[in-house]
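The residues making up each chain are set out below.
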Amino acid sequence: MIECRNVSFSYKKKNRQIYDISLKLEEGYFTCLIGHNGAGKTTLMKLLYGSLLPDSGTVEKDGSVLSIDSLCEHRSGLFFVTKEAVWHPDRPLMSYSKTLAKLYPKYSEEEFLENLRKLDFISGKDAGTKNLDKTFSELSYGERMKVITAFGLATHPEYMILDEPFANLDPLVKSELARMIHTRVAKDGMGVLISTHLLDEVSDMADYVAVMEKGRLVKYGDREEIMSNTDLRTVLRESRETE
Amino acid sequence: MNAETKRFWIEEKKNNRRDIFAGVLLVVALLMSVVEIISEPTESRGWILVTCGLCIGVLVPYRYLVKYLRDDADSEAGVFDKNRYIPLYQIARFNSFDVDTYFWLMLKNYLSLYLFGVAVNVFGLFRDSDIYSIASLAASAILPIVVFGLGKALFVRNITHENGIGKNLSGILLSALMNFAALFILFVFTVFVVIIGYSVVVERIAGYGNLANAQMIVYTWFNNVWLMCGVICILLALLLNRPKKLGRIPFRPLMIVLGVLSLMFVVIADIYCNNTIDEEGVVVKCFGVETAYSFDDVKDYVIFEEDGELNIKATFGDGKTVKLMGSTFSTTDSWSEKYSDKDAFLTVLVNNLRERGVEGNFADEWAKTAFEELNK
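Quick note, the sequences are listed as chains A and B, same order. Residue 242, in numbering that gives the first Met the number 0, is where the first sequence stops; the numbers in between run on with no holes. Residue 375, in numbering that gives the first Met the number 0, is where the second sequence stops; the numbers in between run on with no holes.
If we strip away everything but chain B, and leave its shape as in the complex, we get (with noise of 0.2 Å):
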């Protein structure tokens, strides 16, 4: 290990403070991984560990590697230009530099992290060795390898080579992954603002809808997708080192306030909004409000399909609809004994009901035939 660039990188690191932010976003998105595995073994959010498996790999070499500088000027046409970023490698080339130390280095700095998203990952392969498991974990443990073994290649390249390629490929990922989130952002709320939009206008115009389930849509069932706006807001405000200006909107602070926006959706969410199904009932709970349901209490219900899925919209006596099967589920042994599984109670529910005289609907052709066969 070559000893001054081991003091360079050191010293370099107290320039590159905000990797700590980084650090600290990529060990809150884990623990809620782990979290969300344990609590919920069966739909284990494994895709934010691919996502924090790409914050390591990316992130880093382009905060070290690329963000360093900025080209400040053409050296021989004498054109400043203060918004084009250059490379370390531009530094690595006219100076004495261990590229092996410096990568190493780089590579250790985040190992911990990396090997703790591993082990998460085997954990999450052992309760449920899904597809998506596995694909987790196979991308959360090469992902960072390939993205630094490029890197280092690339870097190599660089600083022997006259035209660093390095330079306009990342400005071109960069951008891209701008405009791609930008772009996603704005698609995910334009369809939160018109699905609650339609709703108020339809139930407080039309006097009918379903305002409560539009929110239900928005504040839970979205979850992931508000997580995701958070997560990529927050990278995105951490690897612009300069202001980037949209107009005239400074990119980075909008960022953070999305990102914050995003990730308070997905905590008041899951703290807030949800519903638990026991025995006797349904509990829906949202924004501290807490109604309790009772299953004797239904007076119409829809069965349809949704995520290939039965699931089941039942309407109680003042009118809230809620749907049952995105809920939580009883634990209790009582349960466990009456209901193998979440099939189980749909069908010993609404037999319950049509014995009632509760008769409910099928939303189309294939709910009912589905139904009927889970029915048999």
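If we strip away everything but chain A, and leave its shape as in the complex, we get (with noise of 0.2 Å):
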């Protein structure tokens, strides 16, 4: 289990900040994290993930704190999905995903090769199609989180956290994502923390949803009784429409 305890953090030139936030990810359980824009959803993600330290409170993994020392060990079964995370922009992705899994021990490129199929970044039973051979600077935005989320779910991580991986996808790929990433909750009992402001995409999915305001959790708890709160109901669509 990833848990956060009273987390705060604060960029120390920018404003957006992270107030005592205490969130729980736990194996085989899908959350959620909505809000607006600017709401410090990536922030906090970024602390459970450990590419940044919190000022006050604690990140912990199974029981284990969170430190500088601790970094590899913590992200060790933990994988993070954000458009902030790069490729080697000169090498082809085939050739750099093999040399990327060497950080993976459970790596499978059966597995990435056919998760990219069904994201429909590659088509046909030949690996060695043309968007293979692309480098990672020659994909839309769209297409490196595709990469990316497909390449995180072969390294068959314990835990998954993904900051906006619908962001620019059409919507028949959106489907097929949130389908995949269901299966592997329910069948590997991988733990999941997906930010998106498309609440309808794992409203169906979501055990917990967790709802951020101005660097706060405002809302955090099994899905019915989120869903059934017409207050937040409304806070969500406001975030939707302003998306």
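Under 10 Å between C-beta atoms, here's a sample of chain B residues computed to sit facing chain A:
#, residue
1, N1
2, A2
3, R6
4, F7
5, W8
6, I9
7, E10
8, E11
9, Q89
10, I90
11, R92
12, N94
13, S95
14, T100
15, V155
16, E161
Dumping the calculated SDA-like pairs for lysine to any residue here, alpha-carbon to alpha-carbon at most 20 Å:
#, chain 1, residue 1, chain 2, residue 2
17, A, K97, B, N1
18, A, K97, B, R6
19, B, K12, A, R90
20, A, K105, B, R6
21, A, K101, B, W103
22, A, K82, B, H160
23, A, K97, B, E10
24, A, K105, B, I9
25, B, K12, A, P88
26, A, K101, B, E11
27, B, K151, A, I67
The set of hints was computed from the structure by calculation and includes no laboratory data. From a predicted model like this one, the values you see are computed outputs, not experimental measurements. Just so it is clear, CB atoms sit at the ideal spot from N, CA and C, and this is done for glycine as well.
Fit the two chains together into the complex; they arrive one by one in their own frames, and the hints show the way.
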């Protein structure tokens, strides 16, 4: 279980801040993180992954507190899908995936290719399609997210944190991606934290919903409980309209 | 040690094969230092080892930390800029990555070269324990470790902070290094062109001059400068992953050409241009032409100060002028019995010339006083 307890964080030169947030990410559960732009969703995800260290409070994984010395241990079995993640811009995707895969002992290349097929990034049985010969810098934003997500799923993580994975994807691919993630949660017991504005895409899959506003967790609980809250539904609708 | 990070390191090494050339360059530089220290213990080029220490310290983190990736896009703005680089910490920020393992492997990769450099310096210190040898040993032993330590601290900071500071810093440093090197090389080439040009003009047009001496300056005395130019040029070529352009000129090929030319000068000058002095006279050898001059043939001479020491410029019967104190001196037993050091040779030679009626001149009062002191 990954858990943050009373975590606060501030950027020195930015106004975005996280105030006293406590959240759990359990294996086999799907948690959806919702909020307006600038609410602090990405920052919270980075704190959970260890790309940022909290100013106060703790982030723990299976009881071990995250520190600068335990970054690698904390991240083992954890994968973060984010728009900030980059791959080597000059090397073909297939070639670089083999290099990056060295960091992940459970990685399956067959599964990576299969995931890319499902996400309509490559087609047919031949792995050597044109898209795989492309470099990361040649991909659009949506294509990058497809590649990183497909790779992440192929590493068989125990937990997966996905920051806006549905952005810039067409509806069919969105549905397929949501289904793929849900399958992994249901079959392999993967713990998932996903941030999105599109609650409809995951509302029937999420076990827990967390709502953030201005750096604070304003609501966190069971999906049914959250969805039955009329005020909250208004917040979510506004969030979607803003997007 | 984290097995996954080790596997990643091994894989990445394959993609950084140019390091091999950097390693070869460093080994060559170190071997040259060894030869230099053994052959001329009183004039050991300890600074070469300092350069090597810096190379090891600076080059490796740069290769593996800074130049790993190009910053191809601002993901939020979608702006592509193919000339910007991003460092490895960008990869490490969003992947399971063991910094301790990576840095240990990086250090281990160059450990033998590092230890060899230190050992050579220790040897140099025993041979000639002057301030330069001590500084050289300290620099080659400490600098790489300091650079590695700072690199690791910076790396760890960057993977846990939003705005990495190594990227801009390294960019500024590299830019400064390149500008410095370009200016340095330009300066050296300009000086040599001016020296040669001036000598040619004076000799050919005015009818007198010192082209041979100018050539000697270029080929021999500035040997160290040529060597430094060569090392800097090739290092810069290695450091550049992408062809950076200076106007329309591709920087990397230019650096390689200049570097190779500079190093060729060093080799050629060492092999082909030197004066050898024995009891009878001096043998001037330059680019295959070997001319022997007897001290009995000296028609005139000037004693002058150079680098705080006395030197003598002798003019022979055919007008050839040779600076004698920058030559290689005989190592025979009879020579050693006759001359305790170079100064002894100078005084004996001048006294002999005076006995023959060749009075010569002093370049200034300091040279005159210094020589008279020596001659007491």
